[in-house]
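Given next are the chains, with one letter for each unit.
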Amino acid sequence: MNALEMSNNGYLLLFHSGEWWKDLGREELQKYLAQSNAWLEKLMTTGQAKGGQALARTGTIISGKNGRTVTDGPFAESKEVIGGYLLLDVGTFEEAVAIAKTAPMIALGTSVEVRPLTNECPSQARLAKLIREEQLATA
Amino acid sequence: MNIKDQTGYMLLFVGMDWHKGLSPEQTQKVSEDWMAWFKRLNEQGKAVAGHPLGFEGKSVSGKNRTVTDGPFAEAKEAIGGYFMLDVATMDEAVAIAQQCPGLPFGAKVEVRPVLAECPLKPENKIDEALVGAK
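Chains as they are written, first to last, in our numbering: chain A, 1 to 139; chain B, 140 to 273.
No lab work stands behind these hints, which were simulated from the structure alone. Built from N, CA and C at the ideal position, the CB exists for glycine as well. Wrong hints could be hidden among the right ones.
[What the hints assert, rightly or not] Distance windows between CB atoms, simulated: (1) Glu80/A with Asn203/B: 15 to 21 Å; (2) Lys178/B with Thr58/A: 24 to 30 Å; (3) Gln135/A with Asp172/B: 23 to 29 Å.
[Unchecked claim] Below are the DSS-like pairs computed for lysine-lysine, each with C-alpha atoms no more than 30 Å apart in a straight line: (4) Lys178/B with Lys65/A; (5) Lys185/B with Lys50/A; (6) Lys50/A with Lys178/B; (7) Lys65/A with Lys202/B.
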């Protein structure tokens with residue numbers, strides 16, 4: 001799947017989590033992994049999910065005027081980071097939220113962020129809206 | 140491309156308030172530069188996917204699976220978009236991240252390695268690796 005070819009209606013789920021597995025024993029962990037896997041497989045089978053991946057708990061943050069500031073991960077144990085993502089190809093925000101609510105990871109403290117994908121820069125879209133409003137006000 | 144098999148790096152653009160303090164023309168220029176940057180990387184085969192994200196968002200969390208509006212406390216910490224990079228090394232991904240047109244205006248870029256095997260798949264035995272790491 002190429003996310004570029006996705007319709008404008010897609011949504012991105014971002015999983016924010018700490019190291020949830022640290023306190024789980026083998027059986028519990030296996031049960032939970034199987035649950036999560038079944039959840040993902042089902043969404044892939046129905047076509048509601050187009051792809052998703054886990055991210056390593058390592059990383060680098062680039063900031064500063066010319067990108068000169070480079071801060072290295074790994075991230076602290078307790079720190080909530082984005083541990084993975086899932087691309088949804090569903091028509092409405094409500095549908096995306098309903099899917100997010102069924103994520104097994106939530107039971108272990110993960111929070112799921114639901115965001116619409118756009119094909120234009122949101123800053124530019126907002127600017128265009130403000131300009132339209134201004135024009136209407138002065139018309 | 141099957142995104143499931145992708146193993147590169149994910150760039151997460153942190154900060155949705157970089158345009159504050161910029162004139163409409165400047166904002167438009169940065170936005171255009173950003174889109175052109177993606178197009179160039181895409182043509183080179185280095186960026187295989189990417190999207191800006193809309194301002195609106197919901198967050199689901201807690202025992203009762205509570206839905207709250209707006210996943211972010213502050214616009215400067217909100218994720219404004221992402222790129223999936225198909226490059227082989229962290230150094231290469233970092234070098235690309237350093238070209239982000241939003242950096243001079245306060246945006247940050249988080250560069251994260253994608254795990255080759257999804258740890259959510261029990262058959263990948265990553266669960267055992269995790270238990271072993273305890």
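Results of checking the hints against the structure:
1. Range check, Glu80/A to Asn203/B: about 19 Å between beta-carbon atoms, so the 15 to 21 Å window is met.
2. The supplied range of 24 to 30 Å is met by Lys178/B and Thr58/A, whose beta-carbon atoms lie about 29 Å from each other.
3. For Gln135/A paired with Asp172/B, a C-beta distance near 26 Å keeps the hint of 23 to 29 Å intact.
4. Only pairs whose Cα atoms come within 30 Å are accepted, and Lys178/B paired with Lys65/A is accepted, the gap being roughly 22 Å.
5. Of the pairs offered as hints, the one joining Lys185/B and Lys50/A holds, with about 20 Å between alpha carbons and a cut-off of 30 Å not exceeded.
6. Distance hint between Lys50/A and Lys178/B is fulfilled; the C-alpha atoms sit about 22 Å from each other, no more than 30 Å.
7. Of the pairs offered as hints, the one joining Lys65/A and Lys202/B is violated, with about 41 Å between alpha carbons and a cut-off of 30 Å exceeded.
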